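4 protein chains.
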Amino acid sequence: MSNRHVYECPLRWGDMDALGHVNNGKYVDYLQDARVDFLFRTAVELGVDTLETGLLVARHEVQYRAPLHFRPEPVRIELWISEIRGAQFTVDYEILDLEPTRTTYVEARTKLVPFDFTANRLRRITPEERAVLEGLVGA
Amino acid sequence: MSNRHVYECPLRWGDMDALGHVNNGKYVDYLQDARVDFLFRTAVELGVDTLETGLLVARHEVQYRAPLHFRPEPVRIELWISEIRGAQFTVDYEILDLEPTRTTYVEARTKLVPFDFTANRLRRITPEERAVLEGLVGA
Amino acid sequence: MSNRHVYECPLRWGDMDALGHVNNGKYVDYLQDARVDFLFRTAVELGVDTLETGLLVARHEVQYRAPLHFRPEPVRIELWISEIRGAQFTVDYEILDLEPTRTTYVEARTKLVPFDFTANRLRRITPEERAVLEGLVGA
Amino acid sequence: MSNRHVYECPLRWGDMDALGHVNNGKYVDYLQDARVDFLFRTAVELGVDTLETGLLVARHEVQYRAPLHFRPEPVRIELWISEIRGAQFTVDYEILDLEPTRTTYVEARTKLVPFDFTANRLRRITPEERAVLEGLVGA
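Residue numbers (this note's numbering), protein chains in the order written: chain A, 1 to 139; chain B, 1 to 139; chain C, 1 to 139; chain D, 1 to 139.
Extracted from the complex, chain A is given alone in its bound form (with noise of 0.2 Å):
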């Protein structure tokens, strides 16, 4: 638990499907704003900004553990690296209220290649994105 990364995440009214609940596509759109939440903004603060747009989703797994509907309160996600390869590396999460019980809506998992934009290729991870990355490692 001590190296999860934390991310409040705001829902919106509009989130919502026709059958009342947060339609299972939005829980993407909510596992990339914690990503963002910390590629952008933590590896920014250690230093590493070449995570922060040099990135490409390869793979998710999204399981639905119980529905979610509209509250102006934000739900949880905790999110930890689960593997560091050569050029890889996956993000898992869990998104959950602690309160009044604690409820788990979503286990999902996330494999991130680094991408050069510039030279339109696959790069490998550079020591200091995994050492940023390994700050991270748990479950």
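No lab work stands behind these hints: they were computed from the structure. The model shown is predicted, which means the values in this text are computed figures rather than measured ones. Where hints are given, some of them may not hold.
Computed list of lysine to aspartate or glutamate pairs in EDC-like fashion (alpha-carbon distance at most 20 Å, straight line) [unchecked claim]:
| no. | chain 1 | residue 1 | chain 2 | residue 2 |
| --- | --- | --- | --- | --- |
| 1 | B | 111 | C | 61 |
| 2 | A | 111 | D | 107 |
| 3 | D | 111 | A | 107 |
| 4 | A | 111 | D | 61 |
Assemble the complex: chain A is given as a structure, and chains B, C and D must be docked to it using the hints.
Just chains B, C and D now, kept in the frame of chain A:
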């Protein structure tokens, strides 16, 4: 200014389009969330819950003043009631930053009509609703 | 009618909100796709590609006439140019079904300004652009 | 191939994000519309309307193979049933262009569970539903 309701509107990275600006259609979602914040939360706190589900949007006017880019900080939306009639009222908005200098991104106006979804017809504004709305009449 | 451009706009199931109607903000996306269809496709066919990327939305007015529900069939959007000025032009739209009886869901208007993204400033409408736009002036 | 359902999925200009690609989350919306096309339209034509409203998404897996850019032409989605169990079935998809050369953008898989919204509980697949689903079992 004293009669303005303030909503701190979070942005999402995905709100930006291929031009790198918040897409013009997303502002309409922002306005919706500002209304929800006022109508669902503030009005319910004041004891009027009929505004919460019984409204239809009749008209939007949106004037774009300056482009907005994603950033982790929310953007400020100020909204107030500019007109109350028998079966219709109007919300005016300004989307802006106060710092470092006051910058207005959007000025907008929405006409709303109370609707009885059970009877499937328009209805008049009730005296209780009018009292809540009058508290936000301003400029 | 003869000067109207017609765009058959596909709906998505997720365009409906928790009230079971197409959400008011989604119509603004529909209008964008109708403009893109005109500006990207028709105009390029006519040999004018500067309209394709060099426009900013300055203002929207959207009047909601009737609710729309998801169905597999597209909805019809008719659009035409209602005004051309030196550095601004206006698109009017009607979102409607012709069958079984003519039903109008939305009437809307967008003011667009040509913008030179390289120089980062407003620019005037060129004679070639004006010729294309004049072909759609109508009511 | 013979058991694949084909859906021609229209793109929207706004599906692109600030990197100029269709955003990874939009593909999940595309998959939803491909399912709706199968479940709402084809299944209803076959006389089974219980699949139309009584399903929950339990899991998505989405593998991104190549980036996609907006164009006026729809992208092709082929989908088929890869597994039918007592109270769950699985849809596999491929998002692709056939021309000028076969290009796969996304491969994906969704687990769906029949749900009785009136009783608010999971339910088993009926024999009639199974017959329709078996017609699309394939690879």
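Going down the list of hints, with the structure as the test:
1. B:111 - C:61: holds (11 Å)
2. A:111 - D:107: This hinted pair holds, its Cα atoms lying about 15 Å apart.
3. D:111 - A:107: Holds, at roughly 15 Å.
4. A:111 - D:61: holds (11 Å)
Checked against the numbered hints above, the structure violates none of them.
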